[in-house]
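Peer 1: So the sequences go chain by chain: H and X.
Per the working numbering, the very first residue in the first sequence carries number 1; after that it's consecutive.
Per the working numbering, the very first residue in the second sequence carries number 1; after that it's consecutive.
Simulated from the structure, these hints should not be mistaken for laboratory data.
There could be a bad hint or two in this list.
Stated by the list, open to error - Simulated restraints on C-beta separations: (1) H:Arg129 - X:Arg269: 15 to 23 Å; (2) X:Val26 - H:Arg129: 17 to 25 Å; (3) X:Leu362 - H:Val66: 17 to 25 Å; (4) H:Gly27 - X:Val26: 48 to 56 Å.
The structure displayed is predicted, hence computed values, not measured ones.
Ideal Cβ placement from N, Cα and C applies to all residues, glycine included.
Residue strings, one per chain:
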Amino acid sequence: MIAIDGLHKRFGDVHAVRGVTFTAVDGTVTGLLGPNGAGKTTTLRMLSGLMRPDAGSIRVDDADVVADPVGAQRVMGQLPDSRGLYPRLTAREHVEYFAQLHGLDRAATRARVSALLARLGLEPLADRRVAGFSQGERTKVALARALVHAPRNVILDEPTNGLDVMSTRAVREVIRGLREEGCCVVFSSHIMQEVSALCDRIVVIAAGTVVAEGTADELRAKSGRDNLEDAFVSLVGLDVEMPA
Amino acid sequence: MSAFRLLGAVTRKELLDGLRDRRSLVTLVFSTVLTPVLLGVLLSTTAGSQRGAEDLALPVVGAEHAPAFVHWLGQQTGVRVVPGPADAEKAVLDRVEDVVLIIEPDFMERMSRAQTAEVKLVAESSRDRARPKISRVRALVGGYAGQLASLRLIARGVAPGIASPIRIEDVEVSSSQARLAALLSFLPLLLVIAGLVGGMQIAIDSTAGERERGSLEPLLLNPVPRWVIAGGKWLAASALGCASVLFSLVITVSVLRRIPWHDMGIRFRVTDGELFSLLLLLLPLAMLLAAVVLFASTFARSFKEAQGYMGMLMLVPMLPGMLATMYPLSRRPWLAPVPILGQYALASDVLGGQPPGAAGYLISGVAALICAVALVALTARAMTREHIVFGR
Numbered sequence: 001m002i003a004i005d006g007l008h009k010r011f012g013d014v015h016a017v018r019g020v021t022f023t024a025v026d027g028t029v030t031g032l033l034g035p036n037g038a039g040k041t042t043t044l045r046m047l048s049g050l051m052r053p054d055a056g057s058i059r060v061d062d063a064d065v066v067a068d069p070v071g072a073q074r075v076m077g078q079l080p081d082s083r084g085l086y087p088r089l090t091a092r093e094h095v096e097y098f099a100q101l102h103g104l105d106r107a108a109t110r111a112r113v114s115a116l117l118a119r120l121g122l123e124p125l126a127d128r129r130v131a132g133f134s135q136g137e138r139t140k141v142a143l144a145r146a147l148v149h150a151p152r153n154v155i156l157d158e159p160t161n162g163l164d165v166m167s168t169r170a171v172r173e174v175i176r177g178l179r180e181e182g183c184c185v186v187f188s189s190h191i192m193q194e195v196s197a198l199c200d201r202i203v204v205i206a207a208g209t210v211v212a213e214g215t216a217d218e219l220r221a222k223s224g225r226d227n228l229e230d231a232f233v234s235l236v237g238l239d240v241e242m243p244a
Numbered sequence: 001m002s003a004f005r006l007l008g009a010v011t012r013k014e015l016l017d018g019l020r021d022r023r024s025l026v027t028l029v030f031s032t033v034l035t036p037v038l039l040g041v042l043l044s045t046t047a048g049s050q051r052g053a054e055d056l057a058l059p060v061v062g063a064e065h066a067p068a069f070v071h072w073l074g075q076q077t078g079v080r081v082v083p084g085p086a087d088a089e090k091a092v093l094d095r096v097e098d099v100v101l102i103i104e105p106d107f108m109e110r111m112s113r114a115q116t117a118e119v120k121l122v123a124e125s126s127r128d129r130a131r132p133k134i135s136r137v138r139a140l141v142g143g144y145a146g147q148l149a150s151l152r153l154i155a156r157g158v159a160p161g162i163a164s165p166i167r168i169e170d171v172e173v174s175s176s177q178a179r180l181a182a183l184l185s186f187l188p189l190l191l192v193i194a195g196l197v198g199g200m201q202i203a204i205d206s207t208a209g210e211r212e213r214g215s216l217e218p219l220l221l222n223p224v225p226r227w228v229i230a231g232g233k234w235l236a237a238s239a240l241g242c243a244s245v246l247f248s249l250v251i252t253v254s255v256l257r258r259i260p261w262h263d264m265g266i267r268f269r270v271t272d273g274e275l276f277s278l279l280l281l282l283l284p285l286a287m288l289l290a291a292v293v294l295f296a297s298t299f300a301r302s303f304k305e306a307q308g309y310m311g312m313l314m315l316v317p318m319l320p321g322m323l324a325t326m327y328p329l330s331r332r333p334w335l336a337p338v339p340i341l342g343q344y345a346l347a348s349d350v351l352g353g354q355p356p357g358a359a360g361y362l363i364s365g366v367a368a369l370i371c372a373v374a375l376v377a378l379t380a381r382a383m384t385r386e387h388i389v390f391g392r
């Protein structure tokens, strides 16, 4: 479970995150939806423990992220904004490295890595260096290493960004699988179909604050629009009357 | 989970990654092999031209004009008079000969009238290789002239001493080992640079390179203390730096052992014990330099930017090293705790045949490692800064 309360972050004069508050519970997929520059990535970076909030609290299961980031990182698996791989290492070596950093023993590592690579359809590429990998293959490798320690809480920053249809499907399958396993999944996106296809709950962020929260139906009802995209545009306040 | 197992995991990964990098391997080979080989060629040529001067085949044009002089020349040790080329200047310009002596046809006539006779010394003095030969020939002609002058004075009843109020006698006090040490003063500098360059590539790639690829953020998401991450990267860079010092030393010494030192009048003797002492001194320094590079490149956003800093960073070990070559730092044991300068001072003592005591090695090694660990701690701190973790 992830509980974020009253989060604030300033970069100089820019007040990027202004009191973001939401809770993501186990066994559900929570989508952070918002336009570019709304503060999604900044919120996720504070959640990851790498960025200190100016105010507010973040709890992941029993760990306080601000006070004990390392403890929180143990129970989180994250696909951050930058996927950054090592071009000279193979897919398997990437996943094994992160397994070692999570303290998994050798036998557990081997079994877990093979299972993950198979699940993401990376088996044929497992022992190739990632230098020549496509965008989708890179994302899958980054996802595999984020999940190697079987985390209870999974945070994905725009996981399907720049992926083709097949890769997008594979990633969606993984997200559904995680929900079935009872994980708490949070992912950010600015793509409507993505969010409506996957999310149990949607948190709409605009200009650094949460402007609406609920299921897709609740959001449609709240905004008075039938179409989720229209609902979104209305909720984030970008609603401009079209000339007739 | 012990932190040391994590440290090992980070070090292993960085070494694996670093050793697969062709760039880092090429620099490693370049820094360890090329310089010693070039130095070997340089020293061999010096030795060769020295030998050329001592075992001199002197081309003389117009030997028939001064049979006594030429006979005298031929009697000097190591001198062989050979017939000179038809066009002396062309032969020297074409580098067929280093030096040619031309005796003028009126040599005998002027000599018998007690006038100054002329010989021409054709040489190209801008050629380093020819210089020892030229000065040898000058000394020979001067010696013969001096003898003749004395004889002429004696024939006129004058004591030869009157014409030479001052005589120089060279007294060489430096031992052959000390002269060797002066020649070898470049060796510590060479090894230190090898250590710096050897570890540099992996240190830059694992910090600035990590930022450039955007892989630092995912790496730091793992539940691992920052000092373990920074420490593992340091150990990997240090391992390559130390390997580079070791290879460089082995290659340099095997090259130096093949140089004909006796031609330069030097007895080359560097014992295995002294080599081991040098390693003992320079390995902690290589680890310190790896830490310096690691720390500096953490602030660079890209590999290129970090390489830009390296030009300045190279000066850190090079300036004291060049200072040590110009103003020998030997026999200054109080320099031991000063990183870099201390190592140069103690290394010149080792090469001068007066190795410092165990305390010297211990103090200089511990001082260098303390500085290195402090820099690694600062690197770990820098890795918590948001503009470094996220700034690309």
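Peer 1: Does each hint fit the structure? Answer for all of them.
Peer 2: Verification of the supplied hints:
1. Distance hint check: the CB atoms of Arg129 (chain H) and Arg269 (chain X) are about 49 Å apart, inconsistent with the given range 15 to 23 Å.
2. Separation of Val26 (chain X) from Arg129 (chain H) is about 19 Å and conforms to the stated range, judged on CB atoms against 17 to 25 Å.
3. The hinted range of 17 to 25 Å is not satisfied by Leu362 (chain X) and Val66 (chain H), whose Cβ atoms lie roughly 44 Å apart.
4. Range check, Gly27 (chain H) to Val26 (chain X): Cβ separation about 53 Å, and the 48 to 56 Å hint holds.
In this structure, the hints that do not hold are numbers 1, 3, in rising order.
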